[in-house]
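Visitor: Given next are the chains, with one letter for each unit.
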Amino acid sequence: MNVDKVGIVGYYHIKPSMDLDMGRYESIFRAVRGALDSAKLERKDLTSVVSATNDFYDGRTISNCFTVEPSGSYLKDETKVEMDGAYAMLYGMMRVLSGNHKLVAVWGASMASCFPYESVSLMATDPTFERPVEALNVMTAGAFQMRAYMNKFGVGPEDIASVAVKNRKNAAMNEMALPESQEKDASVKGVLESEVLSSPVTEKMYARPCDGAACVLLAPEQQAMRITDTPVWITGVGYSQETYYLGDRDLSKSKSMENAARMAFKAAGVNDPRKDISVAELYEHFAHEELIQAEAIGFSKAGQAAKLSSGIGGEIPINPSGGAMSGNVLCAAGLMRVIEAVKQIKGEAKGHQVQGAERAIASGQWGFCAQNSILYVLEGGRK
Amino acid sequence: MAQKWIEKTEGIVRADFAYWVGKYMDKFYDGLEKQKIVGNKCPSCNKVYVPPRKVCGDCAATIPLDGEWLDLGTKGTLLNFTATRYSVSERRKKKSEKTTIIGLIQVDGSDTAVIYPILDAQEQDMKIGMKLDVVWNKKQQGTPNDIKGFKVAGGA
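Top to bottom, those sequences are chains A and B. Per the numbering used here, the first sequence starts with residue 272, numbered consecutively. Per the numbering used here, the second sequence starts with residue 233, numbered consecutively.
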């Protein structure tokens with residue numbers, strides 16, 4: 272089977288929670304079942320399942336070995352990515368493009384309520400040089416990144432706080448957002464005066480990890496058109512990885528996202544992202560990462576992204592769902608950006624719908640100061 | 233519904249990993265043991281790495297083990313910093329009354345930066361670009377913790 276195009280034919284994510292009232296397997300089951308239901312398909316229709324989980328976050332090795340039944344992969348082709356589901360989707364896409372698979376479920380999930388995420392992230396540092404010093408974890412890294420960005424371009428903390436305000440207000444219009452993130456009265460003052468986690472990062476600039484699960488279904492072109500009248504096509508994808516050591520990098524920008532965007536836009540024929548993209552869902556673990564990504568993507572010049580009109584009715588809406596602030600489900604939050612982009616294209620975003628959304632982008636990032644980036648260009652239509 | 237049963241699994245397994253750091257880092261730690269910070273230079277682009285590397289990411293050149301090693305001295309420049317009351321390695325609830333300052337420090341003569349605590353300093357006194365001195369631990373053991381941290385140059 273010669274496959275040129277991959278379509279997203281179903282999606283679902285459970286409502287994120289700081290302490291989910293269901294177990295890990297049930298949350299995964301609901302996400303995958305929800306995606307199958309959205310496409311009116313059954314488990315038997317799946318030919319492959321690609322998961323995104325992290326052994327450290329799950330506290331067990333080969334953590335997907337326990338998720339066979341709830342994810343619908345029992346006695347099926349099953350494989351795993353140890354990163355965000357947005358990366359698993361690239362893997363799933365490749366399986367479809369191989370011509371061997373007619374329906375691939377891609378899911379991501381984690382339960383941050385089970386473990387101390389920030390300190391577990393110390394285990395991701397260089398074990399023989401940085402880990403023994405106990406100075407670097409995801410939080411101190413994020414703080415370095417924010418200061419590097421502000422210092423390089425003369426951006427103020429209130430500019431960073433404004434991103435958090437926008438995303439928390441947007442989350443208030445997203446019925447599937449983490450309840451704690453829904454702040455219709457969010458203010459710059461409130462963000463700046465929230466607790467300092469690691470200066471200059473405050474609590475409300477941080478997309479605090481939470482519990483949840485998400486799933487999308489991928490199918491080859493012909494199959495996708497049989498499954499749904501409104502498939503969403505992956506018309507471009509780019510992926511890139513920077514070096515590990517923060518001291519080797521310019522933290523004020525994202526070279527990996529610059530590369531990912533260039534690759535994705537070339538494939539999709541996007542020449543001027545600001546004109547050619549209707550809406551962007553960008554994974555921001557910290558508020559400042561939305562700005563760094565927006566610049567890497569080409570929405571603005573370096574250091575200027577805070578000046579973008581990025582509200583739901585703005586020139587280039589960014590994270591109308593509330594972004595990762597609306598539920599930073601580790602291993603799923605990037606995949607949820609894809610889901611949100613799909614919702615926008617299909618006109619299913621309800622309270623946070625961007626009018627006339629045709630072509631959307633969705634990003635995932637992973638690693639300290641977003642060492643890795645992935646970006647998708649998604650479009651609707653039966654063509 | 234009955235109360236949620238929470239099973240804590242702390243301390244069931246203790247698995248210590250004994251990593252060999254490799255020939256390049258062996259040299260680096262040999263240096264620390266003598267209170268020296270050494271880096272190695274990429275023969276292609278002249279970039280000086282601390283800690284030393286075998287491959288230069290920028291130009292993909294192999295840096296030979298018997299290539300150019302530099303004794304960089306013990307001074308550095310503050311590139312970035314953060315102050316936190318949370319322990320980097322402990323649970324969130326383990327918040328301390330004491331603020332720790334952590335810096336990204338470029339050892340003079342190198343083109344990279346290392347991450348260490350800034351000792352005996354106040355956050356409001358931190359300025360990017362300020363000069364720092366290495367503070368050695370009392371006993372040198374050839375480990376990353378031979379460097380206790382850095383302090384503001386000229387300070388007490």
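Keep in mind that a hint or two might mislead.
Here are a few chain B residues that sit away from chain A, every Cβ distance over 12 Å (derived from the structure) [unchecked claim]:
| # | residue |
| --- | --- |
| 1 | P283 |
| 2 | D303 |
| 3 | E322 |
Estimated spans, in silico, between C-beta atoms of each pair [said to hold, decoys possible]:
| # | chain 1 | residue 1 | chain 2 | residue 2 | range |
| --- | --- | --- | --- | --- | --- |
| 4 | B | W368 | A | G622 | 54 to 62 Å |
| 5 | A | V339 | B | G361 | 29 to 37 Å |
| 6 | A | K526 | B | D298 | 25 to 33 Å |
| 7 | A | G294 | B | C277 | 51 to 59 Å |
| 8 | A | G622 | B | D340 | 51 to 59 Å |
| 9 | B | I238 | A | G618 | 36 to 44 Å |
Think about it this way: if two alpha-carbon atoms lie no more than 25 Å apart in a straight line, the pair counts; the simulated SDA-like pairs of lysine to any residue are [unchecked claim]:
| # | chain 1 | residue 1 | chain 2 | residue 2 |
| --- | --- | --- | --- | --- |
| 10 | B | K327 | A | M534 |
| 11 | B | K286 | A | Q642 |
| 12 | A | K373 | A | S458 |
| 13 | B | K236 | A | G330 |
| 14 | A | K578 | A | E529 |
| 15 | B | K327 | A | K440 |
| 16 | B | K363 | B | K327 |
| 17 | A | K524 | B | G361 |
| 18 | B | K359 | B | R317 |
| 19 | B | K268 | A | Q642 |
| 20 | B | K236 | A | T501 |
| 21 | B | K255 | B | D378 |
| 22 | B | K266 | A | E529 |
| 23 | A | K440 | A | S458 |
| 24 | B | K327 | A | P403 |
Hints are computed from structural coordinates only; laboratory data are not their basis. Ideal Cβ placement from N, Cα and C applies to all residues, glycine included.
Visitor: Decide, hint by hint, whether the structure agrees.
Guide: Results of checking the hints against the structure:
With a cut of 12 Å on Cβ distances, B:P283 falls inside the contact zone with chain A, its closest approach being about 6 Å. Distance check for B:D303 against chain A: the nearest CB is about 19 Å away, which clears 12 Å, and the non-interface claim stands. At the 12 Å boundary, the C-beta of B:E322 falls inside the reach of chain A, the nearest C-beta of that chain being 6 Å off. Between B:W368 and A:G622 the beta carbons are some 58 Å apart, a value that agrees with the proposed interval 54 to 62 Å.
Taking 29 to 37 Å as the suggested C-beta distance range, the pair A:V339 and B:G361 does not conform, at roughly 55 Å. Distance hint check for A:K526 and B:D298: the Cβ-Cβ separation is about 32 Å, which falls inside the suggested range of 25 to 33 Å. One distance hint, 51 to 59 Å for the beta-carbon pair A:G294 and B:C277, holds here, with the actual separation near 52 Å. The hinted range of 51 to 59 Å is satisfied by A:G622 and B:D340, whose Cβ atoms lie roughly 55 Å apart.
Distance hint check for B:I238 and A:G618: the Cβ-Cβ separation is about 42 Å, which falls inside the suggested range of 36 to 44 Å. For the hint linking B:K327 to A:M534, the alpha-carbon distance of about 43 Å lies beyond 25 Å, and the restraint is violated. Pair hint B:K286 plus A:Q642 holds up; C-alpha atoms about 20 Å apart against a cutoff of 25 Å. Between A:K373 and A:S458, the direct Cα distance comes to roughly 47 Å. Violation of the 25 Å bound is thereby established for this hinted pair.
Our distance criterion of 25 Å between C-alpha atoms is met by B:K236 and A:G330, whose separation comes to about 19 Å. Restraint check: the Cα-Cα separation between A:K578 and A:E529 comes to about 19 Å, which is no more than 25 Å; the hinted pair holds. Proposed proximity of B:K327 and A:K440 is contradicted: the alpha carbons are some 29 Å apart, above 25 Å. Restraint check for B:K363 and B:K327: the C-alpha separation of about 29 Å exceeds 25 Å, so the hint is violated.
Taken as a hint, the A:K524 and B:G361 pair is honoured in the structure, with Cα atoms around 19 Å apart against an allowance of 25 Å. Between B:K359 and B:R317, the direct Cα distance comes to roughly 19 Å. Compliance with the 25 Å bound is thereby established for this hinted pair. This hinted pair does not check out: B:K268 and A:Q642 have alpha carbons roughly 30 Å apart, beyond 25 Å. With a C-alpha separation of about 42 Å, the suggested pairing of B:K236 with A:T501 is violated against the 25 Å cut-off.
Proximity of B:K255 to B:D378 is assessed by CA-CA distance (about 19 Å); at most 25 Å being required, the pair is judged to hold. Between B:K266 and A:E529 the alpha-carbon distance is near 42 Å, which puts this suggested pair outside the 25 Å criterion. Taking the CA atoms of A:K440 and A:S458, the gap is near 9 Å; set against the 25 Å cutoff, the hint holds. Taken as a hint, the B:K327 and A:P403 pair is honoured in the structure, with Cα atoms around 20 Å apart against an allowance of 25 Å.
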